[in-house]
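Asker: Protein chains in written order, with the numbering used here: chain X, 104 to 321; chain F, 104 to 321.
Keep in mind the hints are simulated off the structure, nothing from the lab.
Some clues are possibly wrong.
You can't tell identical chains apart in this list, so a pair holds if it fits in one copy or across any two.
With a cut-off of at most 20 angstroms between alpha-carbon atoms, the simulated SDA-like pairs for lysine to any residue come out as follows [said to hold, decoys possible]: (1) K177 / P311; (2) K168 / I115; (3) K168 / Y224; (4) K168 / D278; (5) K111 / H144; (6) K114 / K266; (7) K248 / N113; (8) K174 / H283; (9) K114 / D145; (10) K174 / H129; (11) K111 / K266; (12) K177 / D147; (13) K111 / K174; (14) K174 / I112; (15) K174 / H233; (16) K174 / D147; (17) K266 / I137; (18) K105 / G237; (19) K266 / S202; (20) K174 / G306; (21) K105 / K174; (22) K105 / F294; (23) K168 / E296.
Protein chains: 2
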Amino acid sequence: MKTLAVTKINKIRNAKRASYDENTIHTILDQGLIAHVAFSHDGDPICLPMVYGRIDDKIYIHGAKATRMFKQLKQGIPACLNVTLVDGLVLARSAFHHSMNFRSVNIHGTAHLVEDEDEKYDALVAITDHMMPGRWDECRDMTKKEANATSVIALTIEQAAAKCRSGMPVDDDEDYALDHWAGIVPITTQFGEAINDDQLRDGIPVSPSIEKITGPTR
Amino acid sequence: MKTLAVTKINKIRNAKRASYDENTIHTILDQGLIAHVAFSHDGDPICLPMVYGRIDDKIYIHGAKATRMFKQLKQGIPACLNVTLVDGLVLARSAFHHSMNFRSVNIHGTAHLVEDEDEKYDALVAITDHMMPGRWDECRDMTKKEANATSVIALTIEQAAAKCRSGMPVDDDEDYALDHWAGIVPITTQFGEAINDDQLRDGIPVSPSIEKITGPTR
Numbered sequence: 104m105k106t107l108a109v110t111k112i113n114k115i116r117n118a119k120r121a122s123y124d125e126n127t128i129h130t131i132l133d134q135g136l137i138a139h140v141a142f143s144h145d146g147d148p149i150c151l152p153m154v155y156g157r158i159d160d161k162i163y164i165h166g167a168k169a170t171r172m173f174k175q176l177k178q179g180i181p182a183c184l185n186v187t188l189v190d191g192l193v194l195a196r197s198a199f200h201h202s203m204n205f206r207s208v209n210i211h212g213t214a215h216l217v218e219d220e221d222e223k224y225d226a227l228v229a230i231t232d233h234m235m236p237g238r239w240d241e242c243r244d245m246t247k248k249e250a251n252a253t254s255v256i257a258l259t260i261e262q263a264a265a266k267c268r269s270g271m272p273v274d275d276d277e278d279y280a281l282d283h284w285a286g287i288v289p290i291t292t293q294f295g296e297a298i299n300d301d302q303l304r305d306g307i308p309v310s311p312s313i314e315k316i317t318g319p320t321r
Numbered sequence: 104m105k106t107l108a109v110t111k112i113n114k115i116r117n118a119k120r121a122s123y124d125e126n127t128i129h130t131i132l133d134q135g136l137i138a139h140v141a142f143s144h145d146g147d148p149i150c151l152p153m154v155y156g157r158i159d160d161k162i163y164i165h166g167a168k169a170t171r172m173f174k175q176l177k178q179g180i181p182a183c184l185n186v187t188l189v190d191g192l193v194l195a196r197s198a199f200h201h202s203m204n205f206r207s208v209n210i211h212g213t214a215h216l217v218e219d220e221d222e223k224y225d226a227l228v229a230i231t232d233h234m235m236p237g238r239w240d241e242c243r244d245m246t247k248k249e250a251n252a253t254s255v256i257a258l259t260i261e262q263a264a265a266k267c268r269s270g271m272p273v274d275d276d277e278d279y280a281l282d283h284w285a286g287i288v289p290i291t292t293q294f295g296e297a298i299n300d301d302q303l304r305d306g307i308p309v310s311p312s313i314e315k316i317t318g319p320t321r
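Chain X on its own, in the form it takes in the complex (with noise of 0.2 angstroms):
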């Protein structure tokens, strides 16, 4: 198990809250579907939501070589990735004290260009799978046309931090005395069941990757 240094820019004021685990950090950046990127551009800061991939220690993000945010991130400037699990709401029997149940990983680096040919093909294989994990394999092969479109940025997972609330309302001492109802409202995100595409040639079965986690397609 490997703690990460806690310094200026990645320390979590609410201590309790805290884990600088890089199990833990990396076990909720595979459990998450998008991502929250911000950056700077032309002294604005920027926050879009991407789908991302991690390799060891690397998250990787990709897009268009053509967009903004890729011509900003591929100069190797200060970026700030944040992943959020929201696992519940906390109702307390003070507004003041309510709160979410949470788990979030926020990642502080210099996103840089990956420019190593295997390096790029691996990290779209793990933004593919992490989307569906698999579901690479089921598809046609990647063109050069597309590669060459494509930019993949990498910020190393090592300024980071996760910050987690889990469990009931903490109410102030003399409240647990009142009448107001307090708990938990647990909430979850669902994949439903795969959809053919409208125009899917007759006879094809949903794959593996889609099977494994909805049920058959309709």
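Since the structure of chain X is already known, use the hints to place chain F on it.
Answerer: Here is chain F on its own, set in the frame of chain X:
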């Protein structure tokens, strides 16, 4: 129906996914649970998940006065707020054309501290009721001490845009003849049944706001 002005900062490159219609933007904001807020701190971008509320064309976030985020934001610095609803995985015949169905809003602007006491109170109601409509009135009254410990920051929904994708994958023409399965997998976020606080006094039923979105408490 009001349409927001398109400027350099809120313009979305992929025009067919963009909307500047205020109703569309408000509807997405009202359906989200958490926002991601980006701002700059000592030159580094920071991106944090926050609960939020909306009143008309203002988005409000709140937090303890002592936090780094609120110390920064109250100075009136540029901020970017994103709310993203993920509706499904879009699985194409090529990995390249994989995508997500989503509805997303970005708001760019200058965060400012809410100093007016009435506006601040209304904002705190909006934030609590955004999480669970009607919940504010079910809580014990806010104390002066709680109000004093809390900062509220506002962002105006002006330099804003929605970006949405829906529907089936769009593959290259020649790929529709291939044998690869393609389609979508819907994603839904669901509230489970409310769970009573361990320390809830006997005989207190789950409150109406919670019953409205979930089943009876266990």
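Asker: Hints the structure violates: just list their numbers, smallest first.
Answerer: Failing hints, ascending: 1, 4, 7, 8, 10, 15, 18, 20, 21, 22 and 23.
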